[in-house]
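> Sequence:
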Amino acid sequence: EIRDKIDLVRSYLPDDADSPIIMKMDPSMMPIMVLALKGNRTPEELRDYAKDIVQPRLEQLDGIASANIMGGRQKSINVDIPRDRLEAYGLSISAVAQMIGAQNIQSAGGTITSGETNYSIKTNGKYQSVDDLKNTVITYKASTYGMNGGAELKTVLLRDVADVYEGYKTEESMASVDAESCVMITVQKQSGKNSVTAAKNARKAFPTIEANMPSDVKFVEVYNTTDIIEQTINEVVKSVVQGALLAILVLFIFLRSFKSTIIIGLAIPISVCITLFLMYFKGITINMISMAGLLLGIGMLVDNSIVVLENIYSYIQRGAKPKVAAILGSQEMVTSISASTFTSVCIFLPMVMFHKKLGMMGQIFDSLAWTIIFSLLCSLVVAIALVPVLTSNYLKISKMVDHHYSGFFASVNRLFNQFFNNLDNGYARCVKGVLRHKKLFIFGLVGLFFLSIAAVKFVGFIFMPEAASNYVEVSLEMPRGTTLDITNQVAESLRATALQEMKGIKYTAIMTGGSGMWSA
1003 EIRDKIDLVR SYLPDDADSP IIMKMDPSMM PIMVLALKGN RTPEELRDYA
1053 KDIVQPRLEQ LDGIASANIM GGRQKSINVD IPRDRLEAYG LSISAVAQMI
1103 GAQNIQSAGG TITSGETNYS IKTNGKYQSV DDLKNTVITY KASTYGMNGG
1153 AELKTVLLRD VADVYEGYKT EESMASVDAE SCVMITVQKQ SGKNSVTAAK
1203 NARKAFPTIE ANMPSDVKFV EVYNTTDIIE QTINEVVKSV VQGALLAILV
1253 LFIFLRSFKS TIIIGLAIPI SVCITLFLMY FKGITINMIS MAGLLLGIGM
1303 LVDNSIVVLE NIYSYIQRGA KPKVAAILGS QEMVTSISAS TFTSVCIFLP
1353 MVMFHKKLGM MGQIFDSLAW TIIFSLLCSL VVAIALVPVL TSNYLKISKM
1403 VDHHYSGFFA SVNRLFNQFF NNLDNGYARC VKGVLRHKKL FIFGLVGLFF
1453 LSIAAVKFVG FIFMPEAASN YVEVSLEMPR GTTLDITNQV AESLRATALQ
1503 EMKGIKYTAI MTGGSGMWSA
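Adding 1002 to a residue's 1-based position in the sequence shown gives its number in this note's numbering.
Check each hint, because a few of them may be wrong.
[Unchecked claim] Computed list of lysine-lysine pairs in DSSO-like fashion (alpha-carbon distance at most 27 Å, straight line): (1) K1195 - K1240; (2) K1325 - K1261; (3) K1053 - K1171; (4) K1240 - K1220; (5) K1358 - K1195; (6) K1459 - K1359; (7) K1143 - K1128; (8) K1077 - K1128; (9) K1128 - K1171; (10) K1220 - K1284; (11) K1284 - K1359; (12) K1202 - K1284; (13) K1007 - K1053; (14) K1261 - K1007; (15) K1077 - K1136; (16) K1136 - K1156; (17) K1124 - K1143; (18) K1220 - K1077; (19) K1240 - K1202; (20) K1508 - K1202; (21) K1136 - K1124; (22) K1220 - K1171; (23) K1220 - K1505; (24) K1220 - K1508; (25) K1206 - K1220; (26) K1206 - K1508; (27) K1053 - K1220; (28) K1202 - K1220; (29) K1195 - K1359; (30) K1007 - K1359; (31) K1053 - K1202; (32) K1171 - K1136; (33) K1171 - K1077.
[What the hints assert, rightly or not] So the derived label-pair ranges between C-beta atoms look like this: (34) Y1282 - I1055: 36 to 46 Å; (35) G1435 - T1345: 25 to 35 Å; (36) V1252 - N1423: 11 to 21 Å; (37) E1182 - I1230: 33 to 43 Å; (38) K1128 - R1087: 21 to 31 Å; (39) I1055 - V1252: 55 to 65 Å; (40) S1068 - Q1502: 29 to 39 Å.
If you're looking for bench data, these hints aren't it; they were derived computationally from the structure. From the three backbone atoms N, C-alpha and C, an ideal C-beta is built for every residue, glycine too.
Using the sequences and the hints, build the whole thing.
Next up, the structure:
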């Protein structure tokens, strides 16, 4: 659709405008690391080290797609052709360029067979030095000599037409770290590869790469997305563990039984392990989104098990044997907890069924939805299969009247009993009050519903919430035609202002020129 829209306005573009390029957004195109190569060296030396040593080594690593260099000066061989010389020899710029290109070639010449060996023949016409370029034949010019006016052809070389010398290309980008000139290297991972693994491979290679360079040339990690990913995943994992422990603690407070708490507590790690097993076969990696789904699922993992356990316990309270209570209690709850679980699953099914139509939102929430679906289904299986087995054979629960506490535990038990009695009585009074004022309660709910709809317009809508970060990025775009030096001066003034206004800055980095997110 985008291509069709662009085709409609293509005729309105200037004649010398390039064709628009349409590319699908791919997160793998973003750099996972930005490195700075700095030392007491000239910009061209730093770039040579980056090009000849760093770039090849990084691109050989597993998971690394490319290493792009910014900053530093590139060596070049310049050919300056004065107009008067062209006119004197009757040449044009295009003719000279064509002759240079025609002679700077390497072509195959077939093969020669000698016994059991085939030898490849090639003509190597590639320039090996500046003198080779200077001696390129451009044209032949007739000249007249002697009294008889005999004509001779004079060979016109490139050195006769142009000034050929070694120099440097016009700088297109500049880089610095803490106001010290350097060369930046942006590292991109291969599509489909793990960012954290690719970054670890790069870090492991740093000592080997530095060993092949002078001791005063060092790496500085300017930016590393994998650090943020690892920190976030570690925090989410910590939250998952803490949430599971808190859930078990709350269960113990309400169930007031070690055996019952252990039974429900076992449901959490078992369900999580089965969920991770299913995630592996679905191709879902452990990332921030999937871990968030697992964290959300933990709260629902114990619901089914609690319902089944409570029903089994009610049969035991009425005098049923543990095995009979396990069979009757779980059988009675299968339909209700299955309906409840599949209802929750149906809420997330559209996300996984139509994730391609949802664009980027679908890609983000696909793994989240699958993780929650897997955790819910696992909790259902654990509730109807594991809980009855544990309660009837291995961790048999008993009646409340069989528990006898003394000392501190007796006081705690009385407090819990009083709390739950007050909770039951308070709930009963609330229900009676609602039943006495049914119409008022219903109209109140309806009014609250419409009030909430009206309040929606006051709630802000954004694509993604702002996230805390350990770096600040400033993008600077100057008016068209601004030189690289002027742009770099403005960026340096911003650096100085940032150092004055902000505290706790570890280092500052500037990349001027180039394109994409890492440019000023």
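> Hint by hint, say whether it matches the structure.
Verification of the hints:
1. K1195 - K1240: Judged against 27 Å, a Cα distance of about 25 Å means the pair holds.
2. K1325 - K1261: holds, 16 Å
3. K1053 - K1171: Distance of about 15 Å is within 27 Å: holds.
4. K1240 - K1220: violated, 35 Å
5. K1358 - K1195: holds, 21 Å
6. K1459 - K1359: With a Cα-Cα distance of about 26 Å, the restraint between K1459 and K1359 holds, given a limit of 27 Å.
7. K1143 - K1128: holds, 25 Å
8. K1077 - K1128: holds, 18 Å
9. K1128 - K1171: holds, 21 Å
10. K1220 - K1284: violated, 42 Å
11. K1284 - K1359: Between K1284 and K1359 the Cα gap is close to 20 Å, so the pair holds against 27 Å.
12. K1202 - K1284: Holds, at about 25 Å.
13. K1007 - K1053: The given pair, whose Cα atoms are some 41 Å apart, is violated under the 27 Å limit.
14. K1261 - K1007: The hint is violated at about 66 Å.
15. K1077 - K1136: holds, 17 Å
16. K1136 - K1156: holds, 16 Å
17. K1124 - K1143: violated, 31 Å
18. K1220 - K1077: holds, 22 Å
19. K1240 - K1202: holds, 22 Å
20. K1508 - K1202: Satisfied, since the Cα-Cα distance of roughly 22 Å is no more than 27 Å.
21. K1136 - K1124: Between K1136 and K1124 the Cα gap is close to 23 Å, so the pair holds against 27 Å.
22. K1220 - K1171: Holds - the C-alpha atoms of K1171 and K1220 are around 25 Å apart, at most 27 Å.
23. K1220 - K1505: holds, 26 Å
24. K1220 - K1508: The hint holds at about 17 Å.
25. K1206 - K1220: holds, 15 Å
26. K1206 - K1508: holds, 23 Å
27. K1053 - K1220: holds, 15 Å
28. K1202 - K1220: Distance ~18 Å between K1202 and K1220 Cα, so the pair holds.
29. K1195 - K1359: holds, 24 Å
30. K1007 - K1359: holds, 20 Å
31. K1053 - K1202: Judged against 27 Å, a Cα distance of about 21 Å means the pair holds.
32. K1171 - K1136: Holds. K1171 to K1136 sits at ~19 Å (cutoff 27 Å).
33. K1171 - K1077: holds, 6 Å
34. Y1282 - I1055: 36 to 46 Å: Between Y1282 and I1055, where Cβ atoms are some 39 Å apart, the hint holds.
35. G1435 - T1345: 25 to 35 Å: With Cβ atoms ~30 Å apart, the hint holds.
36. V1252 - N1423: 11 to 21 Å: For N1423 against V1252, whose Cβ atoms are near 19 Å apart, the range 11 to 21 Å holds.
37. E1182 - I1230: 33 to 43 Å: violated, 25 Å
38. K1128 - R1087: 21 to 31 Å: holds, 26 Å
39. I1055 - V1252: 55 to 65 Å: Taking Cβ atoms as reference, I1055 and V1252 lie about 58 Å apart, which means the hint holds.
40. S1068 - Q1502: 29 to 39 Å: For S1068 and Q1502 the Cβ distance comes to about 37 Å; the hint holds.
Hint compliance for this structure: hints 4, 10, 13, 14, 17 and 37 are not met, and every other hint is.
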